[in-house]
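Let the hints inform the model, and build the full structure from the sequences given.
Note that my numbering has the sequence shown beginning at 68, numbered continuously upward.
Just so you know, these hints were derived from the structure itself, not from any lab.
One or more hints might be untrue.
Per label pair, the in silico range of CB-to-CB distance [stated by the list, open to error]:
| id | residue 1 | residue 2 | range |
| --- | --- | --- | --- |
| 1 | Ser114 | Gly76 | 31 to 37 Å |
| 2 | Thr95 | Leu134 | 17 to 23 Å |
| 3 | Asn93 | Ser127 | 21 to 27 Å |
| 4 | Leu99 | Ile131 | 16 to 22 Å |
| 5 | Gln87 | Val132 | 16 to 22 Å |
| 6 | Gln87 | Trp143 | 17 to 23 Å |
| 7 | Leu99 | Asp137 | 30 to 36 Å |
| 8 | Gly113 | Gln75 | 28 to 34 Å |
A virtual CB, placed ideally from N, CA and C, is assigned to each residue, including glycine.
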Amino acid sequence: MSPSSLSQGRLESVWEVLDQVAGSGNITDTSLVSRQAGVQFTPDLGSGELNIDALQSKFSDATIVALEEDRLRIEWPS
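Set out below in structure tokens:
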């Protein structure tokens, strides 16, 4: 999940990075959960796993927080 306050360009960057890390074409859904919760990207990983280190290396200015076993939040500094 990403903050809803991100610009369109930044949201597109998030999509591109997730597409690279999760595998091209594996993002199955994107939705605004709420202004507080942010934008949710849903990848279909099949039996694979998301490489968190690769994701963090692409967003060096962000913090990745595990919300649940299958849910992450990417937080950017204000």
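Going through the hints against the structure:
no.	hint	result
1	Ser114 with Gly76: 31 to 37 Å	33 Å, holds
2	Thr95 with Leu134: 17 to 23 Å	19 Å, holds
3	Asn93 with Ser127: 21 to 27 Å	23 Å, holds
4	Leu99 with Ile131: 16 to 22 Å	20 Å, holds
5	Gln87 with Val132: 16 to 22 Å	21 Å, holds
6	Gln87 with Trp143: 17 to 23 Å	18 Å, holds
7	Leu99 with Asp137: 30 to 36 Å	19 Å, violated
8	Gly113 with Gln75: 28 to 34 Å	29 Å, holds
Comparing the model with each numbered hint stated earlier shows that hint 7 is the single one that does not hold.
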